[in-house]
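A.B. asks: Go ahead and model the full structure; you've got the sequences and the hints to work with.
Here the protein sequences come in this chain order: A and B.
If you're matching positions, the first sequence starts at 1 in the working numbering and goes up one per residue.
If you're matching positions, the second sequence starts at 1 in the working numbering and goes up one per residue.
Bear in mind the hints are in silico, worked out from the structure with no lab data behind them.
For glycine and all other residues, C-beta sits at the position ideal for the given N, C-alpha and C.
Check the hints yourself; a few may be wrong.
Listed next, with one range per pair, are the computed distances between beta-carbon atoms [stated by the list, open to error]:
1. B/GLU178 - A/LEU39: 28 to 34 Å
2. B/LEU196 - A/SER29: 32 to 38 Å
3. B/GLU71 - A/GLU9: 54 to 60 Å
4. A/LEU33 - B/ASP17: 56 to 62 Å
5. B/ASP20 - A/VAL31: 52 to 58 Å
6. B/GLN32 - A/LEU12: 45 to 51 Å
7. A/ASP3 - B/GLU178: 51 to 57 Å
8. A/LEU12 - B/LYS40: 39 to 45 Å
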Amino acid sequence: MYDMKPLEEKWLKYQIKKRKPWYLFFILSIVILLSILFLLNRNDIKFNIFDAFSPTINKLSNEHIFLVKKHDNSFVLLNNALTRLETFESHTSELIKSKKNNVSTHPTMTDMLVDIPILDENGENIFNKDNDEQREKVHLDIIETTSISAYEDVEKRFQQSNNIDDALFLAKTYYKKGNYKKAEEWAFETNQLDPTLEESFLIFVKSKMKLGQKNEVISILNQYLNHKNSQDARILLEQIKNEKF
Amino acid sequence: MKSRYSAAKNVFVDSIDIDDYIELNSSVAAYQQLQHSMEKPLKMILLFGRPGTGKSILLNRIQEKLKHQKEIYYFDTPAPTEKEFFQKLFKVLTEKDLPKNTEVNFSALIDFFKNLRGKREIIILLDEAQMYDAEMMEKIRLLSDTRAVKFVVSLHKTEDEDLIAKEHFKSRIWEVIELKNATNEDQTAYVHKKLLKKNLFEIANSIKAKDMKLIHKFTNGNYRECNKLMFTIFEICEYYDENEPSKINYSHIPQKIIEMAALKLGYIHV
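C.D. replies: The structure is reproduced here in structure tokens:
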């Protein structure tokens, strides 16, 4: 009679040996699969990073896109850019006025020293990192990037991300700039993404109004008010009817 | 209590006992071919195939079947010396033992055979003929040339033996019968028929087609190896049945046991 123990142990070893190629194949498959997933996810990581920054960018976009060119030719985003822009715009209008009057009351733009908080990539105030006392005046050239190309960039970005904030930003900005056709389009786009968003709806009807489509606007607003009790829409309708818009 | 596998194990004890002969399609064909060749006026017939293809049992069976019709003799084991071979031959021809301190004179033996031509038709089945040396084979050829005796020479099929066949019998052997290794179907039929012959129905049913495929793979269609493997399989089954019954499945021989037997016999290695 056999002593079965050694034979069973031998059989176990044989099983391990027999399955070895399968184990190796399995492990290799897992490694290849993980590698493929990793490579695919690298693109996602890039997008995720972009997405992580996009709220900050959007927040800024809702105000104004501003870049500050430093003397080393690098760019930084400005915080509270709209306020700064308004200040800048008021400065320039005053400058234009004074130039017209041949009165030089302000320094020229290029020589302007500004004391503004600057964001680094993490949205932190570069100068506030250190003690406020150590803040120093930096010589900066401020370039407004509210040019057409900047909006085109936002439009391109929207094509990729379909971000409602971008669409709303464009609608608002075009409306402010007086490009009512574009404002109407982007407000419509925004409402396509979120039909409940009243802000974009109001831009849409206001743009139409500006484009002289009064009757259509009244009809749209009436329909809207039938479905939703909106104070703003009601006021706007009254203003339009009373020729106060 | 005796295990059910004890009887199954003994079925596969390797032997050339005629009672163990299993008729398979391939073996029936070989048998008929050999019988047909023996009817022809041939001097020598070469039966060859790899070890374990059933040459010995075929010779044994044909001798058993034809012994009442023909003068047929089966030399199962080769004589170690020429002297012993001729003594053996003398005995089957004369039915007398050679007197002590005498030797067979080969020339006299040739003359004796020549005298028998037309009177007796003798068939001698020489198994394991590869063990005869070249000189001995040459003398066998001379005896066959007398046309009084017909030799059926069974050889293992190896390169050397092919050489023997070519060199010594090329011009004289008129018929060559080759036995090939069993196919999976033949081997399955062989195992099942062997078990059923001993009324071991349940055990025969417990060996499935998948198991036979594995057994065929391990034994390469060799009947002798198949007997060895089946014997070992049932020996392991017997052990488990008697000592660890939880490890055995009576309705199906586990693959583990087949592989353990193959490991034991060295068909596979760790």
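A.B. asks: Does each hint fit the structure? Answer for all of them.
C.D. replies: Hint check:
1. Here the CB-CB span from B/GLU178 to A/LEU39 is close to 59 Å, at odds with the stated 28 to 34 Å.
2. A C-beta distance of roughly 46 Å is found between B/LEU196 and A/SER29, which places it outside the suggested range of 32 to 38 Å.
3. Range check, B/GLU71 to A/GLU9: Cβ separation about 58 Å, and the 54 to 60 Å hint holds.
4. Checked against the hint of 56 to 62 Å, the C-beta distance between A/LEU33 and B/ASP17 comes to roughly 60 Å, which is consistent with it.
5. Under the hint 52 to 58 Å, the C-beta atoms of B/ASP20 and A/VAL31, about 55 Å apart, fit the expected range.
6. Taking 45 to 51 Å as the suggested C-beta distance range, the pair B/GLN32 and A/LEU12 conforms, at roughly 48 Å.
7. For A/ASP3 and B/GLU178, the hinted distance range of 51 to 57 Å is not satisfied, since their beta carbons lie about 42 Å from each other.
8. One distance hint, 39 to 45 Å for the beta-carbon pair A/LEU12 and B/LYS40, is violated here, with the actual separation near 57 Å.
Violated hints, listed in ascending order, are 1, 2, 7, 8; each of the other numbered hints is respected by the structure.
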